[in-house]
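Asks: Sequence:
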Amino acid sequence: MQARIAILLAALAAGGGLSVQPEPVLAQAPSAPPTAPNPATISDAKLDAAAAAAKNVAALSDKYEQQLAQAPEDQKEGVVREANEALTKAVTDQGLSIEEFSTIMEVAKNDPEVRDKIVKRIK
Numbered sequence: 840m841q842a843r844i845a846i847l848l849a850a851l852a853a854g855g856g857l858s859v860q861p862e863p864v865l866a867q868a869p870s871a872p873p874t875a876p877n878p879a880t881i882s883d884a885k886l887d888a889a890a891a892a893a894k895n896v897a898a899l900s901d902k903y904e905q906q907l908a909q910a911p912e913d914q915k916e917g918v919v920r921e922a923n924e925a926l927t928k929a930v931t932d933q934g935l936s937i938e939e940f941s942t943i944m945e946v947a948k949n950d951p952e953v954r955d956k957i958v959k960r961i962k
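The working numbering numbers the first residue of the sequence shown as 840 and each following residue consecutively.
Mixed in with the good hints there might be a few duds.
[Claimed, not checked] Derived DSSO-like pairs: lysine-lysine, alpha-carbon spacing no greater than 30 Å straight-line:
1) LYS902 with LYS928
2) LYS902 with LYS915
3) LYS962 with LYS902
4) LYS928 with LYS956
5) LYS962 with LYS948
6) LYS962 with LYS885
7) LYS956 with LYS915
8) LYS915 with LYS928
9) LYS962 with LYS894
10) LYS885 with LYS902
11) LYS885 with LYS948
12) LYS902 with LYS948
13) LYS915 with LYS959
14) LYS956 with LYS885
15) LYS928 with LYS962
16) LYS894 with LYS948
17) LYS956 with LYS902
18) LYS928 with LYS885
19) LYS915 with LYS885
20) LYS959 with LYS885
21) LYS928 with LYS948
[Said to hold, decoys possible] Derived CB-CB ranges, DEER-like:
22) LYS962 with GLN905: 41 to 49 Å
23) LEU907 with ASP955: 39 to 47 Å
24) GLY934 with ASP901: 21 to 29 Å
Don't read these hints as lab results, they were simulated from the structure.
Just so you know, these numbers come straight off a predicted model, no measurement behind them.
For glycine and all other residues, C-beta sits at the position ideal for the given N, C-alpha and C.
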């Protein structure tokens with residue numbers, strides 16, 4: 840699970856979303872990477888929310904990747920749309936915008952201290 844989360848953090852930070860097809864899930868994420876805040880300015884509450892969202896996103900990603908693999912060709916687009924909605928909701932239900940989540944994941948990618956804080960919260 841910890842390795843999965845580390846991969847998730849890297850994937851989210853690098854691409855702004857998980858992919859269940861060639862186009863990125865969480866399509867509302869900005870195409871240009873947001874300006875990363877100073878790691879010291881990310882509150883514990885935001886780290887808690889990002890960790891909870893990352894855990895939920897990982898579980899949903901697994902679920903929708905399986906559904907997509909099993910879906911007939913004519914239903915794949917619907918599965919992707921449903922996945923996008925569910926993944927976006929997993930983030931926004933934690934009180935974060937997609938942009939905030941992407942920014943925190945970018946900081947976690949580049950700052951081992953922030954990454955460790957998130958991974959510890961996920962456990």
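Asks: For each hint, tell me whether it holds in the structure or not.
Replies: Against the structure, the hints come out as follows:
Under the criterion of a C-alpha separation no larger than 30 Å, the hint pairing LYS902 with LYS928 is consistent with the structure, at around 15 Å. In summary, the hint linking LYS902 to LYS915 is supported, as the alpha carbons are separated by about 14 Å, within the 30 Å threshold. Proposed proximity of LYS962 and LYS902 is supported: the alpha carbons are some 20 Å apart, at most 30 Å. The straight-line distance between the Cα atoms of LYS928 and LYS956 is roughly 23 Å, inside the 30 Å bound, and the hint therefore holds.
In summary, the hint linking LYS962 to LYS948 is supported, as the alpha carbons are separated by about 18 Å, within the 30 Å threshold. In summary, the hint linking LYS962 to LYS885 is supported, as the alpha carbons are separated by about 17 Å, within the 30 Å threshold. Note on LYS956 and LYS915: the hinted pairing is violated, with a Cα-Cα distance of about 36 Å set against a maximum of 30 Å. Proximity of LYS915 to LYS928 is assessed by CA-CA distance (about 20 Å); at most 30 Å being required, the pair is judged to hold.
Distance restraint check for LYS962 and LYS894: the Cα-Cα separation of roughly 9 Å lies within the 30 Å cut-off, and the hinted pair is therefore satisfied. For a cut-off of 30 Å, the pair hint linking LYS885 to LYS902 stands: about 25 Å separates their Cα positions. Among the hinted pairs, LYS885 with LYS948 is consistent with the structure: their alpha-carbon atoms are about 16 Å apart, no more than 30 Å. About 24 Å separates the Cα atoms of LYS902 and LYS948, which keeps this hinted pair within 30 Å; it holds.
Simply put, LYS915 and LYS959 have alpha-carbon atoms about 35 Å apart, too far for the 30 Å limit, and the pair is violated. This hinted pair checks out: LYS956 and LYS885 have alpha carbons roughly 11 Å apart, not beyond 30 Å. Distance restraint check for LYS928 and LYS962: the Cα-Cα separation of roughly 21 Å lies within the 30 Å cut-off, and the hinted pair is therefore satisfied. Among the hinted pairs, LYS894 with LYS948 is consistent with the structure: their alpha-carbon atoms are about 16 Å apart, no more than 30 Å.
Proximity of LYS956 to LYS902 is assessed by CA-CA distance (about 26 Å); at most 30 Å being required, the pair is judged to hold. About 16 Å separates the Cα atoms of LYS928 and LYS885, which keeps this hinted pair within 30 Å; it holds. For the proposed pair LYS915 and LYS885, the alpha carbon gap of about 34 Å is over 30 Å, so the pair is violated. Between LYS959 and LYS885, the direct Cα distance comes to roughly 14 Å. Compliance with the 30 Å bound is thereby established for this hinted pair.
Distance check on the hinted pair: LYS928 and LYS948 sit about 22 Å apart at the alpha-carbon level, within 30 Å; holds. Range check, LYS962 to GLN905: Cβ separation about 24 Å, and the 41 to 49 Å hint is violated. For LEU907 paired with ASP955, a C-beta distance near 32 Å fails the hint of 39 to 47 Å. GLY934 and ASP901 have their C-beta atoms about 23 Å apart, which keeps the hinted 21 to 29 Å range intact.
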